Amino acid sequence: MHPAAEHSPLGKSSEYISTYTPSLLFPIPRAAKWAELGLSAETLPYVGVDFWNCFELSWLLPSGKPVVAIGEFCFAADSPNIVESKSFKLYLNSLNQTVFTDVQSLEATLQADLSAASGKPVSVRVRSLNDVQADGVGTLPGVCIDELDISVSDYAQPRPELLKCDESRVIEESLYSHLLKSNCPVTSQPDWGTVVVEYRGAALDHASLLAYLVSFRQHSDFHEQCVERIFLDLQRLLKPEKLTVYARYVRRGGLDINPYRSTEAVEFQNLRLVRQ
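Just so you know, the UniProt record's numbering puts the end of the sequence shown at 276, numbered straight through with nothing missing.
All the pointers check out, no bait thrown in.
Taking CB as the label site, the calculated pair distances span:
(1) Lys239 / Ser123: 28 to 36 Å
(2) Gly136 / Ser105: 23 to 31 Å
(3) Pro29 / Ala108: 19 to 27 Å
(4) Pro121 / Phe55: 21 to 29 Å
Straight line, CA to CA, 30 Å or less: simulated DSBU-like cross-link-like pairs of lysine-lysine:
(5) Lys33 / Lys239
(6) Lys239 / Lys164
(7) Lys120 / Lys33
(8) Lys33 / Lys181
(9) Lys239 / Lys181
(10) Lys181 / Lys120
(11) Lys242 / Lys181
(12) Lys33 / Lys242
(13) Lys181 / Lys164
(14) Lys33 / Lys164
(15) Lys120 / Lys242
(16) Lys242 / Lys164
Hints are computed from structural coordinates only; laboratory data are not their basis. These numbers come from a predicted model, not from an experiment. C-beta: ideal position from N, C-alpha, C; glycine also.
Using the sequences and the accompanying hints, generate a full structural model.
What follows is the structure, encoded as structure tokens:
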């Protein structure tokens, strides 16, 4: 467990506060988890973002009438801190009985508070239900590897030694799996996700990738570090010209977390999948 997480509200009984309380946000430094992976803020081999989507966002108009909407938050992958997820939920709940004159003032408040907690600017979009519904459900690029026939017996921790590639062939492809599961390092609750791998490099053996992803099944870590671990293990194996790894996780507590890590400074799309 991350030492800072022990002092967070995660896994503890909490009073729900319904008036604006930004002090509820609980930052957790990324540095300790980076160090576990042999990284530091100065040596990150990727760029990226963490998209958070909130499906329980509500506030009051000056008339007292409530509004519901969906919030989209984009954190920089190299920000000094992540925001602990339960504290984020408690903070958002503190808006429920708070008056905002318009959406713009709400967005400005969210951006200021989350940027302060993260240590880097956070972009915020508050979207109507109609706008999000019009976007529909996204379709992933490439090939789903979930129907491959593999044998699995060890789920305790990620096993990068399972990964195999053909170094004699350099290819470019996109692969994805819906079978990613890990556990919260604080509460041990399951985190379910879909992971996408896009690369140009030595040809990756698809069955070995699936077996490797399944080996996360009993692993305890935050969403962001699982994606970073997958990225680093594939980078070491494939020595790719380019590599992008991202995961779209199923929401818990009205929030989903979607980390994107890439060698390329591209514009990432917050693409909602069928389980989201």
